[in-house]
Amino acid sequence: METVINIFIIALGLYFGLGLLFGLYFLFAGATTIDPLMKESKKVVRLLLLPGTIATWPFLIGKLFQSKKV
Amino acid sequence: MGLDYKLVLWNKHKKNYDKLIALGMVLYLIVFFVLSLVTNAEMTAETIIIRAFGSLAIILLHLILVIGPLTRLNPNYLPILYNRRHLGVSMFLAALIHGVFSTINFHTLGSKNPIESIFTSNMDYGSLTNFPFQVLGFLALLILFVMASTSHDFFLKNLSPKIWKRLHMLVYLAYSLIVLHVFLGAFQQETSPFAIGVLCLGFVLITGLHLTAAFKEGKIDSFKASKDSDGWLEVCTTGEIEESRAKIFTVEGERIAVFKNEGKLSAIHNVCKHQGGPLGEGKIVDGCITCPWHGYQYLPHNGQSPPPFTEKVKTYQLKVVNGFVYVNPNAYEEGTEVTPISC
Ligand code: HEM
Ligand code: FES
Chain A
7 METVINIFII ALGLYFGLGL LFGLYFLFAG ATTIDPLMKE SKKVVRLLLL PGTIATWPFL
67 IGKLFQSKKV
Chain B
3 MGLDYKLVLW NKHKKNYDKL IALGMVLYLI VFFVLSLVTN AEMTAETIII RAFGSLAIIL
63 LHLILVIGPL TRLNPNYLPI LYNRRHLGVS MFLAALIHGV FSTINFHTLG SKNPIESIFT
123 SNMDYGSLTN FPFQVLGFLA LLILFVMAST SHDFFLKNLS PKIWKRLHML VYLAYSLIVL
183 HVFLGAFQQE TSPFAIGVLC LGFVLITGLH LTAAFKEGKI DSFKASKDSD GWLEVCTTGE
243 IEESRAKIFT VEGERIAVFK NEGKLSAIHN VCKHQGGPLG EGKIVDGCIT CPWHGYQYLP
303 HNGQSPPPFT EKVKTYQLKV VNGFVYVNPN AYEEGTEVTP ISC
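Protein sequences, first through last, are from chains A and B. Per the numbering used here, the very first residue in the first sequence carries number 7; after that it's consecutive. Per the numbering used here, the very first residue in the second sequence carries number 3; after that it's consecutive.
Simulated from the structure, these hints should not be mistaken for lab results. Any given hint could be a false lead.
[As the list claims (entries may be wrong)] Cross-link-like lysine-lysine pairs, in silico, DSS-like; alpha carbons within 25 Å at most:
hint: 1; chain 1: B; residue 1: Lys285; chain 2: B; residue 2: Lys321
hint: 2; chain 1: B; residue 1: Lys159; chain 2: A; residue 2: Lys45
hint: 3; chain 1: B; residue 1: Lys17; chain 2: A; residue 2: Lys49
hint: 4; chain 1: B; residue 1: Lys316; chain 2: B; residue 2: Lys249
hint: 5; chain 1: B; residue 1: Lys8; chain 2: A; residue 2: Lys69
hint: 6; chain 1: B; residue 1: Lys16; chain 2: A; residue 2: Lys48
hint: 7; chain 1: A; residue 1: Lys49; chain 2: B; residue 2: Lys159
hint: 8; chain 1: A; residue 1: Lys48; chain 2: B; residue 2: Lys8
hint: 9; chain 1: B; residue 1: Lys16; chain 2: B; residue 2: Lys114
hint: 10; chain 1: A; residue 1: Lys48; chain 2: B; residue 2: Lys159
hint: 11; chain 1: B; residue 1: Lys159; chain 2: A; residue 2: Lys69
hint: 12; chain 1: B; residue 1: Lys167; chain 2: B; residue 2: Lys314
hint: 13; chain 1: B; residue 1: Lys285; chain 2: B; residue 2: Lys316
hint: 14; chain 1: B; residue 1: Lys316; chain 2: B; residue 2: Lys159
hint: 15; chain 1: B; residue 1: Lys8; chain 2: A; residue 2: Lys49
hint: 16; chain 1: A; residue 1: Lys69; chain 2: B; residue 2: Lys167
hint: 17; chain 1: B; residue 1: Lys221; chain 2: B; residue 2: Lys159
hint: 18; chain 1: B; residue 1: Lys159; chain 2: B; residue 2: Lys314
hint: 19; chain 1: B; residue 1: Lys16; chain 2: A; residue 2: Lys49
hint: 20; chain 1: B; residue 1: Lys17; chain 2: B; residue 2: Lys285
hint: 21; chain 1: A; residue 1: Lys69; chain 2: A; residue 2: Lys49
hint: 22; chain 1: B; residue 1: Lys285; chain 2: A; residue 2: Lys45
hint: 23; chain 1: B; residue 1: Lys8; chain 2: A; residue 2: Lys45
hint: 24; chain 1: B; residue 1: Lys8; chain 2: B; residue 2: Lys159
hint: 25; chain 1: A; residue 1: Lys69; chain 2: B; residue 2: Lys164
hint: 26; chain 1: B; residue 1: Lys266; chain 2: B; residue 2: Lys285
hint: 27; chain 1: B; residue 1: Lys17; chain 2: A; residue 2: Lys48
hint: 28; chain 1: B; residue 1: Lys17; chain 2: A; residue 2: Lys69
[What the hints assert, rightly or not] Calculated from the model, a selection of chain B residues having no Cβ within reach of chain A, i.e. all distances over 10 Å:
hint: 29; residue: Gly70
hint: 30; residue: Phe108
hint: 31; residue: Glu118
hint: 32; residue: Cys202
hint: 33; residue: Ala216
hint: 34; residue: Leu235
hint: 35; residue: Cys238
hint: 36; residue: Glu254
hint: 37; residue: Val273
hint: 38; residue: Leu301
hint: 39; residue: Gln306
hint: 40; residue: Glu336
Heads up, the beta-carbon is just placed ideally off N, CA and C, and yes, glycines get one too.
Chain B extracted, bound-state conformation:
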């Protein structure tokens, strides 16, 4: 939403968030080092570094993967979503350190190129218990690289939000590869049963939350509105929408947010132009509909971002009859002015 690209878009909230991430990571690493040295004094520094950063990366990845469904189930988690990108980049850096140290430790002593060595030092691709698990880690790291390196609004815009979103959906593939990397690695390394237990629990948590959130959204989509004689759809009563808030309805396959601003109603397409955030879960702040994900703003009466910004979403016509709100399912062009209607 800026007029030139900045290194990082920081504000006070994001700075505090980043400090918290950095502090958490450092604390985790210190605790990991101390515990490793206390419980097993013979462990080499390299092994501790490899394990500390590998486990840190997978913990951060879990956090990243639960944020999405958590915010859909309970908006109180939104502040964590707000800066998820920085969490993603931190996770990649931790995974990179783990991968680079493992590669240096296990694959730079021979005459082969280290990357080739990751793939060929163990050729037991048909085995389960002796599978070359490091290959899976390497492939996951490639995906994480693509995601972390494109975590900037420049790419969102120049790759197009659709491609960007698809690339970032690869996080689920990366997650699967990493789970296999750790499980198959466990046959060959003395990974503790505790770590395996935590990983299983994490898997149940992530799939459980995704399914619950999908079920909740399915309910919105299966909403059937009744039509009046003009083909307008009755969606709710005026009292059901709180001031400065919205309700979301799926009308002929499109999600629409109906907002109440200073007692008047306006309807816009529910999908934020930035990364598809659910506008109807946001609030009206200073007269602008504010996306709950990263704060892009739109004016309720025309779906346009306030100048100098240029984002626009579709708008819809509303009417109120006997306290019932009706939506005209035929959308207007993006950014079309529609006079808000009184309840």
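For reference, chain A alone in the conformation it holds in the complex:
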């Protein structure tokens, strides 16, 4: 049980850590390429969107790659 818990907590930490790195890149650079509305959006708005980007980055990263291909 201890190992399961340890793995879960490390995975959770990794998920949030990677999410933070991706989120900063995505909101201040990447998202502007897939969502034109982002270009005009202010910094505070981007910060507000950071937690959600951290939470859902695996979905957003896929979208970023898709848009690069086209």
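Start from chain A and add chain B with the ligands according to the hints.
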């Protein structure tokens, strides 16, 4: 529906709504503190904070969960749905304060990392009466975090409405985890029988309302229209639709809204592009079909949002024969112009 993203989309109605939420929350907390101090003077401030915010969060969660079915049963409740997101974020914040205070109170004194301590301080995972109930609270809080943090139109668009909706359906999982968190916690804490009673009642209310609403919608879906020789479906008589309103029909598995605007009929797909709101339960305002959930608008004759907006829904062809309305079940492409027909 904007041209750039705003921090929060506020208007007068939403501001009043938010003031009401904030006022209600503050009042509840004050009453909770005073009653706790009066009835049990030995309770520590931390314990009161933990209980006050925990119970506040679960009350807000109940409110959030009953709004959906209530509006489907009675459109008069729609104004509460309009700003449900802010209610959701407030609920998350209350739950977060509860979780953070509990964690500080019970899990920061040892040498272990506090999150690890939530999971390992009680390893009785096989027991019912001594189950580590805080783990359930933690998992629920994670789900609430995902939902609250994506409560912005940016995520609706960039995650795609389908994924967004699925993520937000997790609220039911979070609710179950929280119910277990409180029930199992009650074996270990002196939770009052009153609170347990209220929780049971809440559970009955939420499931009851969901079932009733599902039954009502099932009736719309089981509607069987008769076909004419061209394969068009007879749905109702012209008089059954009120001016500036619609009736919803399920035609070959798709819900279609037939609107009457200035005496003429138009049909569009019933599902709003924003979050799937039932367009046919909305009204025509200033010539536009207005979604009852958050107010997205579409023109009846082509299913397009008025410029500069770009949303489009499918349109359908109609005909009227001897006062009966017929729908061609083959939809047009989204945003296709169809001339409204006179009754
Ligand atoms: C990290 C997450 C969480 C932790 C560590 C945690 C911890 C606790 C603890 C220690 C108690 C017992 C408090 C007492 O009676 O003295 C409790 C009770 C409770 N929790 Fe949580 N919790 C968490 C998340 C949540 C969430 C997300 C909700 C709901 C939205 C919630 C709702 C409640 C409620 C309603 C009670 C009963 C309050 C009462 O006894 O009056 N908790 N929690
Ligand atoms: S669902 Fe939000 S406006 Fe229609």
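Results for each hint:
no., hint, in the structure
1, Lys285/B with Lys321/B, "holds, 22 Å"
2, Lys159/B with Lys45/A, "holds, 15 Å"
3, Lys17/B with Lys49/A, "holds, 23 Å"
4, Lys316/B with Lys249/B, "holds, 16 Å"
5, Lys8/B with Lys69/A, "holds, 22 Å"
6, Lys16/B with Lys48/A, "holds, 22 Å"
7, Lys49/A with Lys159/B, "holds, 19 Å"
8, Lys48/A with Lys8/B, "holds, 8 Å"
9, Lys16/B with Lys114/B, "violated, 44 Å"
10, Lys48/A with Lys159/B, "holds, 18 Å"
11, Lys159/B with Lys69/A, "holds, 11 Å"
12, Lys167/B with Lys314/B, "holds, 19 Å"
13, Lys285/B with Lys316/B, "holds, 18 Å"
14, Lys316/B with Lys159/B, "holds, 19 Å"
15, Lys8/B with Lys49/A, "holds, 10 Å"
16, Lys69/A with Lys167/B, "holds, 17 Å"
17, Lys221/B with Lys159/B, "violated, 32 Å"
18, Lys159/B with Lys314/B, "holds, 14 Å"
19, Lys16/B with Lys49/A, "holds, 23 Å"
20, Lys17/B with Lys285/B, "holds, 23 Å"
21, Lys69/A with Lys49/A, "holds, 22 Å"
22, Lys285/B with Lys45/A, "violated, 34 Å"
23, Lys8/B with Lys45/A, "holds, 12 Å"
24, Lys8/B with Lys159/B, "holds, 14 Å"
25, Lys69/A with Lys164/B, "holds, 14 Å"
26, Lys266/B with Lys285/B, "holds, 14 Å"
27, Lys17/B with Lys48/A, "holds, 21 Å"
28, Lys17/B with Lys69/A, "violated, 34 Å"
29, Gly70, "holds, 22 Å"
30, Phe108, "holds, 17 Å"
31, Glu118, "violated, 6 Å"
32, Cys202, "holds, 31 Å"
33, Ala216, "holds, 28 Å"
34, Leu235, "holds, 38 Å"
35, Cys238, "holds, 40 Å"
36, Glu254, "holds, 32 Å"
37, Val273, "holds, 22 Å"
38, Leu301, "holds, 22 Å"
39, Gln306, "holds, 19 Å"
40, Glu336, "holds, 20 Å"
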